[in-house]
Amino acid sequence: MNNSTEHLIASLSQDLAPVKPMASPGKRLLGWIALALPVSLVMGALVEQQSFALLMGERLSFALAFERLSNARSLVELGVILITALSAGYAALCCAQPGRSQNAWMLPVLPFITWLGLVGESCFQLFQQIGPELFSFAPHWSCYPSVLATGAAPAVVMVMLLKRGMLTSPTMTIALAALAASALGAVGLRLFHPPDATALLLMWQLIATVTFLGLASLLSAYMSRRIAV
Amino acid sequence: MAQAQNGDGAAYQKLLAAVVPLLRAIIGKRLKDPDKIEDVVQEVLISVHKNRHTYDPSMAFTPWLSTIAQRRTVDALRKMYRLNARETLVDEYPETFLCDETNTSPEDDLVFALGDELKRALDTLPAGQRIAVDLLKLREMSLKEASASSGMSVAALKVAMHRALKSLRAQMATEPEL
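One line per chain: the protein sequences are A and B, in this order. Position 118 of the first sequence, counted from 1, bears residue number 118 in this note's numbering, the numbering being contiguous throughout. Position in the second sequence (first residue = 1) + 229 = this note's numbering.
Bound conformation, chain B alone (with noise of 0.2 Å):
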C-alpha cells in the first residue's frame, strides 16, 4: 500500500487483487447473496481508492482495510433494508402500453431476440449474398472496395445486397413474438 501511494500503478493492482477474497469473508459474514456481495466488494475497492491517503505506512493493512469493509457493508445493509421496506415485489411487471407488443417478458428481450433472430437468417442466405452483407453493411466497405476483396462486380454486389435485404424483411417479419 505504502508503494501504491508513492504511485506505483502495478503493486497496486496486485494489492486490489489479493485483497479481493479477504473483502469477501468479510462482507460475506453479513450478506449471503454473491452478487450483493460482488457489489460491495467493488464499493469497497472505491472506497480503498478514494481514501489511500487515510492509510499509515507504519500500521498495519489488515485493520485499515476491514474498517473500510465493515463500514461499506453497513451502508449496504442499512440500504438494503430502507429499500425493502419500501419496496413491493409483484409477479407481473404492470403494463407500460395497452398494446400487447410493448408489453413483453424479461425472457423476450427485444434487443437480444433481435440480434439472434438476425444471425440466424444471415445463416440462410446464399454465399453471395452473405458475402454482400458482411463486407458492405458489417464491414462497413464501399462498393469498390468490397468488390476489390471479394472479386464480384459492382453491379453483382448492388443485386446481392438488395435481394440478401429482401429475404432477411421477410424472414424477421414472419417471427410472430416480434
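Bound conformation, chain A alone (with noise of 0.2 Å):
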C-alpha cells in the first residue's frame, strides 16, 4: 500500500469519535411529516385567516376545509397530492444515503403525472364553463404569502434532512426535495386557500413548482461544477 495511504488511514483511524447512524429514510419521512406537515397547515390557515380578512373584512372560518374535506373529488386530489409529497421525499431521503437504491427516484413519477392530469382536467373544466374570453392565465399575486406560508415548512425540514446526509447525485436529490416540498405546501393550499384551488390556483403553483425544479437542477448542476474545480 502506498505509504501516504496508510498514513491516512492511522490517522482516521487515531482517536476515532463513535457516531450515531442515520436512520432509514422511512424514519426520516415520518420524521419530516409529524414535523413539517402540522406546522404548514397551521401557517396555511393564519395566513389565510390573515388575508381573508383584509380583503373581505371578516375572520375566514374553517368551514372551507371540511367542505373539501368531505368532497370525493376534493379528497382525491389530496390524497394524490400527499402520495406525491412523500414518494418524492423518500426518493430524496433515499439519495441522501449512499448504498439506497438508485431507482428511487421513479417512485413519484405516476403520482406526479395524476397530479398534473388532475389539475389539468379542472383547468379544461373551467375554462369550458367560462369561456375563452374569461379565462386568465394571469398569476394572482395575492396568492403567493399562501404558497409561500405552507412550503416554507416542509422546505426547510427537508434541507435539514439533506444536510445530515451525503448527496452522491446533487442535481436529482433537489428536484425530488424541491418536489417534495412543493407538493406537501399544497395540502395546506389545497384546503384553507378560499378560491377554487382545483383550477388556476394549482395549475400556477404546479407551474411555480416546474420552473423551481428546472432552477434548482440548474443551480445545483452549476455548484456541482464549482465544487469540483
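Because the hints were derived from the structure by calculation, they are not lab data. Since we're looking at a predicted model, the values are computed, not measured. Cβ coordinates follow ideal geometry from the N, Cα and C atoms, glycine included. Please note that a few of the clues may not be correct.
Simulated restraints on C-beta separations [stated by the list, open to error]:
1) F124/A <-> D262/B: 56 to 66 Å
2) K20/A <-> K243/B: 21 to 31 Å
3) A247/B <-> Q102/A: 20 to 30 Å
4) L251/B <-> V109/A: 32 to 42 Å
5) L251/B <-> G120/A: 45 to 55 Å
6) I275/B <-> M106/A: 54 to 64 Å
7) A34/A <-> S295/B: 29 to 39 Å
8) Q14/A <-> S382/B: 47 to 57 Å
9) K308/B <-> K20/A: 25 to 35 Å
From the two separate chains plus the hints, produce the assembled complex.
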C-alpha cells in the first residue's frame, strides 16, 4: 500500500469518535411529515385568515377546509398530492444515503403525472364553463403569501434532513426535494385557500414548482461544477 | 463498519486497509494514471470517514462504499476535464527572473542538491573536524557537552569547527551549478 494512504488510514483511525448511524429513509420521512405538515397547515390557516380578513373584512372559518375534506373529488386530489409528497420525499432521502436504491427517483413519477392530469382536467372544465374570454392565465399575486407560508416548513425541514446525509447525486436529490416540499405545501393550500384551488391556483403552483425544479437542477449542476474545480 | 460507528479505531483501521484494493479496482475502471487513482482512493477514504454515520448497519457495506467511490471518481474526472480544458502544456517552464541562477530545471532541485553536496563535503573532512561538526552543529551540543562526549578539549573543538566551516565553505563555493 502507498505510504501516504497508510498514513491517512492511521490518522483517520486514531481517536475515532463514535457516531450515531443515520435512520432509514422511511423513519426520516415520518419525521419530516410529523414536523413539517402540522406547521405547514397552521401557517397556511393563519396566513389565509389574515389575508381573508384584510380583503373581505371578516375572519375565515374552517368550514371551507371541512367542505373540501367532504368532497370526493377534493379528497382524491389531496390523496394524490400527499402521495406525491411522500414518494418524492422518500426518494430524495434515499438519494442522500449512499447504498440505497438508485431507482428511487421513479417513485413519484406516476403520482406527479396523476396530479398534473387532475389539474389539467380542472382547468379544462373551468375553460368550458367560463369560456375563452374570461379564462385567464395571469398569476394571482395575492396567493403567493399562502404558497410561501405552506411551503416554507416542508422545505426547511427537508433541507435539514438532507444536510445530515451525503448527496451522491445532488441534481436529482434537489429536484426530488423541491417536488416533495412543493407537494406537501400544496396540501395546506388545497385545504385553506378560498379561491377554487382545483384550477388556476394549482396550475400556477405547479408551474411555479416545475420552474423551481428546473432552476434548482440548473443551480445544482452549476454548483457541482464550481465545487469540482 | 458497525464497530467503527461505535468508535472502535482498530476495527476501522483494519476495514479501511482491507477496502483499499477494492477502491483501486472501482476507480481504476475509469482512471488509468496510478498516481491519480491513489489520490482518488484517499479522497474516498476521507469521504467514508466524514460520512460514516450514513452507513446503515442493517444493509450491505459494499454498495454503500461503491456509491461513494463512484461519486468521488466522477468528481475527479470532472475536475480533470476542466483542468485539461484550461491548462496548456509547455516544454520549458517560463523564466521567473532574468538571472540564470534562478531558472533551474526540476532536476537541479536546489534543496536536495545542497543536501547531497553537503553530505559529500562532510565526508571529505578529517575525522576531528567531522566529529566537531557532528556534535556541535548536527546534534546541537554545547562546547562542554561535546568536549565531554568526544574527549577533545574545548579549544581543540573550536579550532576543528572553525577549520571545518572554512573547508566546507570552500568546497561548496566551487560547485558551478549552485
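Okay, the hints, checked on the actual structure:
no., hint, verdict
1, F124/A <-> D262/B: 56 to 66 Å, "holds, 59 Å"
2, K20/A <-> K243/B: 21 to 31 Å, "holds, 22 Å"
3, A247/B <-> Q102/A: 20 to 30 Å, "holds, 25 Å"
4, L251/B <-> V109/A: 32 to 42 Å, "holds, 34 Å"
5, L251/B <-> G120/A: 45 to 55 Å, "holds, 49 Å"
6, I275/B <-> M106/A: 54 to 64 Å, "violated, 32 Å"
7, A34/A <-> S295/B: 29 to 39 Å, "holds, 33 Å"
8, Q14/A <-> S382/B: 47 to 57 Å, "holds, 49 Å"
9, K308/B <-> K20/A: 25 to 35 Å, "holds, 32 Å"
When each numbered hint is compared with the structure, a violation occurs for hint 6 only.
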